[in-house]
Amino acid sequence: MIEALMNAAPAWALTHAAPLLVMVPLFLAPLLALMPSGRIAWLMAVITTGISFCFALILLGLVQTSPIGVVSYEVGRWPVPLGIELRVDALNAMILLVVTTIGLLATVFSWPTVVAEINKDKRALFYSAFLVCFAGLNGVAITGDAFNLFVFLEISSISTYVLVALGAGRDRRALPAAFNYLIMGTIGASFYIIGIGFLYAATGTLNMHDIATRLPELAGHRSVQAGFAFILVGLGLKAAMWPLHQWLPNAYSYSPSFVTMFLSATATKVALYALIRFLFTIFRPDYAFEISAFSAVLMPLGLAAMVVCSFQAVFQNDVRRILAYSSVAQVGYMILGVSIGTTAGLSAGLFHLLNHAMMKGALFMAVAGVVLTYQGTTIRDFAGLGRSAPWTMTAFAIAALSLIGVPLTAGFQSKLQLGFALFDQGMWWAVALVVFSSFLAVIYMGRVLEAVFFQPPANPRKARKEAPILMLVPLWILALANIYFGIAADLPLGLARDAAAAAFGVEAFR
Amino acid sequence: MSPETLIAAALVLPLLIAAGIAVMGWSPNLREGVTFIGGGLLFLIIVLLTMHVAGGERPELNLGEAAPGLSLAFKLEPLGMLFALVASGLWIVNSFYSVGYMRGNRERNQTRFYICFALAIFGAMGVAMSANLFTLFIFYEVLTLSTYPLVAHKGDAAAKRGGRIYLLTLMGTSIGFLLPAVMWTWVLAGHSLDFVPGGLLAGVDISPVVASALLILFAFGVAKAALMPVHFWLPNAMVAPTPVSALLHAVAVVKAGVFTILKISIFIFGADLLEATPAREFILWVACFTMLVGSLVAMTKDNLKARLAYSTIAQLSYVVAGAMLADPAGWMGGSLQIAAHAAGKMTLFMCAGAIYVATGLTNISDMKGLGRKMPLVFIAFLIGSLSIIGLPPFGGAWPKYELMQGAIDHNNTYLSFVLIGSSLLNIAYLLPIPFLALLPPPGTKEPKPFKRPDGAPMPTVVAPLITAALCIILFFAVGPISKFLSPTVGDRVDYIADGGQP
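If you're matching them up, the sequences are chains A and B in order. For the first sequence, this note's numbering assigns the number 40 to the initial residue and increments by one for each residue that follows. For the second sequence, this note's numbering assigns the number 83 to the initial residue and increments by one for each residue that follows.
Treat the hints with care, as some may be off.
In silico lysine to aspartate or glutamate, EDC-like type, Cα no more than 20 Å apart, as pairs [stated by the list, open to error]: (1) B/Lys-383 to B/Asp-448; (2) B/Lys-236 to B/Glu-189; (3) B/Lys-533 to B/Asp-448; (4) B/Lys-455 to B/Asp-536; (5) B/Lys-242 to A/Glu-489; (6) B/Lys-236 to A/Glu-489.
Hints in this document: simulated from the structure, not taken from any laboratory.
From just these sequences and the hints, can you work out the full model?
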């Protein structure tokens, strides 16, 4: 598929794929704001995300065919240390693919929920804000410049605050949630920019590749270490690393269904990507302070997230909050994989990142379908839906099983890889905690599934009503992907392994 | 057909049967026709494959890699074929029985019932033929998931509770202990999970502590083998309709468990490493404890199915004990027990079901004198009981003999006494049932008339007679069976083939 696309694409698309991937949505966003009707804006958003998806595929193809595994683009032909560089290797090609795939599916699926949840005159503006957010996330993933990353991070975050606040049409609690997110997100971004300041002071450059080449001689430098700490905390906050995740449950619970679904599958992933980029490509896992950060900070926090947030998920009664806490716990798995500090560990973490995007995307899509047809998100509202909405709920069940890690699903494969990576380092106790956290997942997802399939409906008059077909198709694409990649995990695991190798430096690529 | 095609057919056929049952759901007769024809074909395929394996071939089929190094692959060997033969052969008998039982009881959702049954057989075939631990684990879970709707079939509160305990225990132990053990094996063996004759971990330098931890994880992770204290799912699964208890909880599911333990002992650990593992002795104690305590608990149960369930728990430990003896005689005993116990216990369960359909009785104390009205059923029950106890000329005699032989070879002082004690306990809790039914003490009240006017449906009487006959056949067929098994378990077993006495 990638080859066919690369053969069909014109030459300018191949040379300028990297900037176009970001620029198309970014420049179309203001145009969308001017659209008279929400429906046209929606169609344009679908087309735009579709174009970005094609560019992401082209970039992946370019990276895979490139002899050094890197596609570099100098914006405005300014040479590298001065100008902004867009730099794509196997790691961010994978992230771009995740963001654009989920973006495309989410946009297709969004229309019925937007009609139900957003005021008529705000729909075009809503899609405009969404495209800005989408462009920002892609920008974070594509850029090779540390300061430019900050800019895109803020572009995506500020539009996210708007998107979350628009949930106020359905639930007024969206407003404090958005404000809370705004404050926390800004603190995170500030920490990040302070860290970049320290690094700039020590190295005199903002280009990531350049920083990476200059750092080894500055290994004992105080400002480098301070910069590392600030960046770790700042990006950790954006990635909802425990205990910096407090903004996430509310933001996910009260924002419009479509936004929840899109953010859960992409936003924390992109922040985690930036963290991985800093930990592995810019700083090196063999620096003394980074080794201690892995073992003293990241690993305990990852394990704590897995256990504590799974516990919290058990005691929630709102399905969206259950899924939100579970998201923090899943980020814990990824952080655990990253903190092992080996290629196997990093690839397990990235593999789980891919799989988690698929399963959480499907889960939140199914919840959005329920919100649309039955107006409720508590477990009681879900009772008996297995009979009244079998298609929606079967997909939900598949994704839930995948989240638990039942064999033949994608979630099982990622836990298997994580377990292998942990055993390789002799960390059997961490495997025990992973297993324990899976038990908790059995309990919190089991509560929902039991209500769905074994309890009589809370309100028997609710007739048989499925989510509209526009929502079912993307939902089932993701649900079937969970099963397909659970049986044949070659493709995502290959992507994750290439990405992990690329993160460790070009020399290790393939 | 080439053996590779036959393996693929043995896996695809149960799925096709399930689909066929779903399509034919509107007509019960056509639906059952699909089960019979499909079941017959499946048995034929397995027999053909067995002939290939008996001829010394080891056919393989690789379906591709799920992830690098983790392939969904199948490779046949005698022990797996024995399990596949038992499961697919008894499935036909059981389907015949189910028709009588399910219709006689007017059970609901029969189509779902037969579909899940076919899927469970799919899982059992996969377990039996798997070439590595990864494939085995996947199909082990397929078996768990497909049998859950069968346990919860009735849909009332008790059935749901039983189903929940069933699912949580089996999934919990397999993900909690078995999966980490699989991962650990992968790392210890240098990124491989294949079943290797002589033991995958044989050449690896493993400290006794690590080997012990791994063995304990495996032994309790495979909760389907029902070692105490992970046995309690089995009595709780007795809420299922009797055909499920008969085929799945006496044959397919529990035998998949003990088969996995045997397979791990033989092909992952291998005799030498297992011998050098300190925890081997511990698991052997646990197995002996389970044998005796399971039998003692069985004596206290008045509900017939509950008594049979605890008896199953005790009998499964024979296989685990055999596996832990780590020598050819022990392994042979364990393997023979898979077949012998399957035939015997299935007879008993089917008799219990026939009694229930005809009279609605579930308690043993109400069955005195019932043998006059249902003589064939109780004669089958008597034969099954004698086989479980281990008396000649019934199939159950050989495994006990082999296990004792293995214990003596191994200078094990206590296993023989435990086996003798277990037999005595079996006599105490099994034999009174047919004796009191066939020869009630004077003054026993006449049993109540049948709930169903024409008594037990014909299939529910004929099916246990077939398996009872099988118990006797197994005694005389042990020579060929042990010859067939000897490539897997080791070749020091010529003396039975030459006609030794138990």
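message = Going through the numbered hints above, which ones does this structure break? Give me the numbers in ascending order.
response = Hints that this structure does not satisfy do not exist here, as all of them hold.
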